Amino acid sequence: MKIKTRMGMAVVTAVLLTLPGLAQQPWEVTLHQRHDALVAKNGPGTDAALRDRLLAMGKEDQSVRFRNVNAPADEKNATAAELSAVDHKLTDELREIYAAHGWPTIAMVGYDASQAAMVILTHSPDHGFQRALLPRLEGLAHADRIDGAQVAVAVDKELVSEGKPQRYGSQFKFVDGQAMMIAVEDSANLDKRRAEVMLPPMDAYRKQLGEMFHVPVSDMIVRP
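Mapping of the sequence shown onto mature numbering (1 follows the signal peptide of the UniProt record, and there is no 0): residues -23 to -1, 1 to 201, in sequence order.
It is possible that part of the hints are untrue.
[What the hints assert, rightly or not] Per label pair, the in silico range of CB-to-CB distance:
hint: 1; residue 1: Lys66; residue 2: Pro178; range: 32 to 38 Å
hint: 2; residue 1: His9; residue 2: Met197; range: 17 to 23 Å
hint: 3; residue 1: Ala165; residue 2: Met189; range: 24 to 30 Å
Keep in mind the hints are simulated off the structure, nothing from the lab.
Since the structure is predicted, the reported quantities are computational estimates derived from the model, not experimental observations.
Each residue gets a CB set at the ideal place from its N, CA and C atoms; glycine is no exception.
Kindly generate the complete structure, drawing on both the sequences and the hints.
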């Protein structure tokens, strides 16, 4: 597997969705209810062409990451270069979309395509672009026009890039074969903040990280 210096919530969020027929924890029920309420409130989207474009971009984002994670050791450099190139290309496309349409809300493109836009943004190498958008995105999330979970990831990545404690606990580092959470602000209220933006409790997140990346998840905290 690829050893990353940091990992965010983008992929793990999907993993945490409960499969049909399995018993759900109360927090899972709550997240599904809030997801369904967002979809019901905003509808399936009105711009089918933009929706399809964003879904294709999201598929490209995930496909290149899958290839990189699963590439043999002698192909890692090549797939890492491909990953970087795709991230730059998708950032340029997303910037073009934003200039022409504004941010892709659920009402504009549907839930999945709106999420794809956020995932691409969190993977963008352009921190200036991310930083400039955050106030707008936080406002949209507060108004239930986009899902707050991926916005929280973007907030955390920006804080960590500035050497500050993160807010929602989405960012981890691999240190000596273990995943360790980067320091958070006001740790006593971390799960409360996570629930507010439709993120699962930290215990569940830690478990999923360990299962997904096949590494122990330490209780130790590391500095940004």
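Tested hints:
The supplied range of 32 to 38 Å is met by Lys66 and Pro178, whose beta-carbon atoms lie about 36 Å from each other. The given range of 17 to 23 Å is broken by His9 and Met197, whose C-beta atoms sit roughly 32 Å from each other. A hinted range of 24 to 30 Å for the beta carbons of Ala165 and Met189 is consistent with their spacing of about 27 Å.
Comparing the model with each numbered hint stated earlier shows that hint 2 is the single one that does not hold.
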